[in-house]
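Protein chains: 2
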Amino acid sequence: MAVPSIFFGISVLHILVLGAAAGGGFPQWNSNDAVARRARAGDAGTPLRTQSSIAVSADGERWVLFNASPDLRQQINQRRQLQPGADAPLRASPIAAVVLTNADVDHVAGLLNLRESQALAIYGHDRVLDVLARNSIFNVLNPDYVARRPMPVDTVLALKDGHDQSLGLRVRAFPVPGKVALWLEDKNAPDFGTAEGDTLGVEIFDEKGASFFYIPACARMTPELADRLRGAALVFFDGTLWHDDEMIQAGVGTKTGRRMGHMSCSGEDGSIAAFSKLGVRRKIFIHINNTNPLFVANSPERAEAEAAGWQVADDGMEISL
Amino acid sequence: MAVPSIFFGISVLHILVLGAAAGGGFPQWNSNDAVARRARAGDAGTPLRTQSSIAVSADGERWVLFNASPDLRQQINQRRQLQPGADAPLRASPIAAVVLTNADVDHVAGLLNLRESQALAIYGHDRVLDVLARNSIFNVLNPDYVARRPMPVDTVLALKDGHDQSLGLRVRAFPVPGKVALWLEDKNAPDFGTAEGDTLGVEIFDEKGASFFYIPACARMTPELADRLRGAALVFFDGTLWHDDEMIQAGVGTKTGRRMGHMSCSGEDGSIAAFSKLGVRRKIFIHINNTNPLFVANSPERAEAEAAGWQVADDGMEISL
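Chains A and B, in that order, give the protein sequences. According to our numbering, the first sequence is numbered sequentially starting from 1. According to our numbering, the second sequence is numbered sequentially starting from 1.
Here chain A stands alone, though its shape is the one from the complex (with noise of 0.2 Å):
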C-alpha cells in the first residue's frame, strides 16, 4: 500500500474528472444530431463522456465524490483509483464519501449504484437531503451503513466517511443563482419553487489550506460570487451550453439555458466575459451539454474558449494542487 502523501505534510489535492457532460451525457441516448453520430462512430474529435461527476482525494487512497452521476458504474469500471486495492479486503471500496451540489437526476442518481452495504457518507444541503428521504428508492444504501450528513451553507466541514474517519478534505458549500431540479419543479409556484440550498458551489481544501471551486450548475455571476472565485486557483465552472438559445436554434428542445438554471458560455452575460477580470488561474468547463460545440475538439467555440484561457474537462482528466 502506497504511504499516502499526507503523512509526510505534503498535502496534495488528488483531482480526478469522472464525467464531463450534462444531464444525459454525450451522446444523449436519443440524439441523432450530426455531432451525436460523430460520437457514436468513433471519431477522435468528439470522444464520448459521462455524466458530470469530479473525485478528490488528499491522500490519493480515498476519494470523496462530487455529485454521483448515473453513469457512476461505468465510471468505477473505468478508474482504476475508484476501484479497491490489491490489500483491501473482499468487500472494499476507495470512495468514502459522496457529495451532492444540488438534487439533479444527473448528480444523485448514481447513488443507487453504492448499495451492498458499503460504509459511505452522503454530504447534502437539507433540501436535497430531505428529496432522498421522500424518495424511498434511495432506502437501497442501507442506513446502517451510509451516513446522511447535512451540509449547510457558508460553513467549513471536515468530511469524513462512514466510520467518522477524517479524509484530509474540508469543503465549504454555498449558495450560488439556479433552478430547483427539473423533477421537483412546482409549476404555481414563483421560480418554480426554487429556494436558497437547491444549486450549491463548492470550495474544496486540503489541511494546508489549498483549494478549488466546483460549480457545475450556475444562472449567473453576481458580484458576491465574482468576489469569491478572484484570483483562485482552479474553478470548475457550469459549462452546459455555448449559447443561450442553441437547444431552440437545434430544434432539439424548448427551453434556454436560463429556464434550466445556467449561463451560457459565451455572450455578454456569460461565464468566458464574466471570469475575464477574475484572475482564476485555471479555468475548467464541465456539465457540457450533448449540444455545445465545445465537445467538438476542432470548432470554433472550442478555440474561442481556449483563447480565453479556459479548458475543457474530459472524462478520466487528472489533476493535482
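Hints are supplied without guarantee of correctness; some may be wrong.
So, partial list: chain A residues that the calculated Cβ filter (under 7 Å) puts toward chain B [said to hold, decoys possible]:
{"no.": "1", "residue": "P70"}
{"no.": "2", "residue": "R91"}
{"no.": "3", "residue": "N142"}
{"no.": "4", "residue": "N298"}
Because the hints were derived from the structure by calculation, they are not lab data. Backbone N, C-alpha and C define an ideal beta-carbon position, used for all residues, glycine too.
Got chain A sorted already, so can you dock chain B onto it with the hints?
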C-alpha cells in the same frame, strides 16, 4: 430504412441480451475477490457484464426493453440496435416501451436514463407502478411523453409504443414466487410485505404465436410454473446464485438466495434439477450474481450447467425465434 420483416408475414422475435448480471453487475463496484480482480484485469474468461435486461423486437426496428437496468445508458452506447437510425429525426430512439417485472433497483433505475421528452410506454404491475408514483424522481420522465400502463397478471396484452402504435408483440405476465424489492421490505410484515405482483415472469409472443419466457427472479419452482414452462422454445431464467449460501460461504454477505427471493441453480431444489424434465428447448441463465461461478468460463459449475443443457447469457447475445 430496412423493410420490417413483419410486412412479409415473417414475424420473428428478435432478442438482444443487454445485460446478464444481477444487481451490482459484474464485477460489483466494491468486490475485491479473485474473480472480480480477474475481470478488472481484462481476463477473457471473465468478461465484464452489465445488469440484467433484454430487448425484444418484432420488426428489428422498434424495441421493447424488459427491465431498465442502471447500466442502460452504457448498454445503449454499446448496442447499435438501440441507437437512432440514420433516417431518424434529430431526437429519436428505437426504444418504444419498457416492461417491468418487479421494482428492484437493478430493474427500474435505468428508467432515469430515458428522459428528454421522448415518447415511450412503461408497462408494470400496479404494485410496481405505485412504487414509481411514490418516488417523485421518476417524474423526470415527462408524463406528456411517457405513458405508464398497468400490466395485470394472466392477461395477454398487446404492447404499444408511446403513440399507441402496435409493436407486434404481446406479453402475458404471471406471478412467480419471490419477494418484494429489497428497498421496499417491511421488516414488521410477514414475508417482508411481499404481495402478488411484486415478482412477475413474462411470456412474450409475436403475432404468429411464437413465444418465449423471461423470468429473471424466481424463488422456487411450483407445479403451476412447471406446467406453464413445459415444452417452451426458450426460457431465460433466474441464475442469481449457484449455491443458496454462496455469499455466506464466500464471506461477502449474510443472506441466502432464499432470503433474497432467488432459487439457486444447483442442488435438489435448484433450477437445473427443476427444469430437467420440462422439455424446454433452450434454457439460458440470466440475472447472475457476481459471486456465481457461472461467470467463470472454465469453471466446473459452468461445465455442469452446460452439460445439463443450459447456456449462460452474455451481454450482446442475439437470438431469433
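Each hint, compared with the structure:
no. : hint : in the structure
1   : P70  : holds (6 Å)
2   : R91  : holds (5 Å)
3   : N142 : violated (9 Å)
4   : N298 : violated (22 Å)
Of the numbered hints listed earlier, those contradicted by the structure are 3, 4.
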